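*Asks:* Could you put together the complete structure from these sequences and hints?
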Amino acid sequence: MTLNFHSNLSKDLSLILNNSDDYNVIIQVGKNQDVKEIPAHSVILRARSPYLKAHSRLNGLQKRLCEDILELLIASDELLLEELVEYLQEYLIKQQNNWVQQNSVFVLNKFASYNKLQDFCLESVCENIKPFITSLEDSLILDKDIFYIILERNDLHIKEIDVWII
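So in this note's numbering, spot 74 of the sequence shown is number 78, and the numbers just go up one at a time.
These are calculated hints, taken from the structure and not from any lab test. Treat the numbers as computed from the prediction; the structure is a model and nothing was measured. We put the beta carbon where it would ideally sit given N, CA and C, even for glycine. One or more of the hints may lead you astray.
Calculated cross-link-like contacts (lysine to any residue; reagent style SDA-like; alpha-carbon spacing at most 25 Å) [said to hold, decoys possible]:
hint: 1; residue 1: Lys15; residue 2: Ala44
hint: 2; residue 1: Lys57; residue 2: Lys114
hint: 3; residue 1: Lys57; residue 2: His45
hint: 4; residue 1: Lys15; residue 2: Ile42
hint: 5; residue 1: Lys57; residue 2: Gln106
hint: 6; residue 1: Lys120; residue 2: Val109
hint: 7; residue 1: Lys15; residue 2: Pro54
hint: 8; residue 1: Lys40; residue 2: Leu19
hint: 9; residue 1: Lys67; residue 2: Asn102
hint: 10; residue 1: Lys40; residue 2: Ala51
hint: 11; residue 1: Lys114; residue 2: Leu88
hint: 12; residue 1: Lys114; residue 2: Tyr91
Just the calculated beta-carbon pair ranges, DEER-fashion [claimed, not checked]:
hint: 13; residue 1: Arg50; residue 2: Asp149; range: 40 to 48 Å
hint: 14; residue 1: Asp26; residue 2: Leu56; range: 17 to 25 Å
hint: 15; residue 1: Ser117; residue 2: Pro54; range: 37 to 45 Å
hint: 16; residue 1: Asn158; residue 2: Pro54; range: 45 to 53 Å
hint: 17; residue 1: Lys15; residue 2: Ile153; range: 53 to 61 Å
hint: 18; residue 1: Ala58; residue 2: Leu85; range: 32 to 40 Å
hint: 19; residue 1: Val47; residue 2: Ala79; range: 15 to 23 Å
hint: 20; residue 1: Gln99; residue 2: Asn8; range: 51 to 59 Å
hint: 21; residue 1: Asn36; residue 2: Glu127; range: 30 to 38 Å
hint: 22; residue 1: Asp123; residue 2: Glu71; range: 16 to 24 Å
hint: 23; residue 1: Leu17; residue 2: Tyr91; range: 47 to 55 Å
*Replies:* Here is the structure:
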């Protein structure tokens, strides 16, 4: 008696792809007004594409690495390991600067007491303030004291009138 699991599995996967509401990726194809959205599952994309598999693994590792370093930063501070606190801030700024810039609201809210890290995030936000201010989500999440610090800075790359218009 031979069982044909492959054809049933293929049918089930086809049903998932065509009728699923639990997709976690939307692929947008096209330009301007002619854009089509295709729902997809990241697990299937990773299984079928070595590039996406490597890319998603690197992104996950990058995020976890930075989160671990931030946890180590807090522990080092609590244990009064000043040299390690300084080193970890420098490492994040020099080696993980893209992640820190992309997560500057999170870093400013949770790690504002670390001066080097705070200064780096503030400079990053001030260099490109418009998307930050126009993003209601970021603006509402940011601690009001940090928001005031940003608005009072001299290196804010936006006209004062634009801040009030936004």
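*Asks:* Broken hints, numbered, in rising order?
*Replies:* 2 and 19
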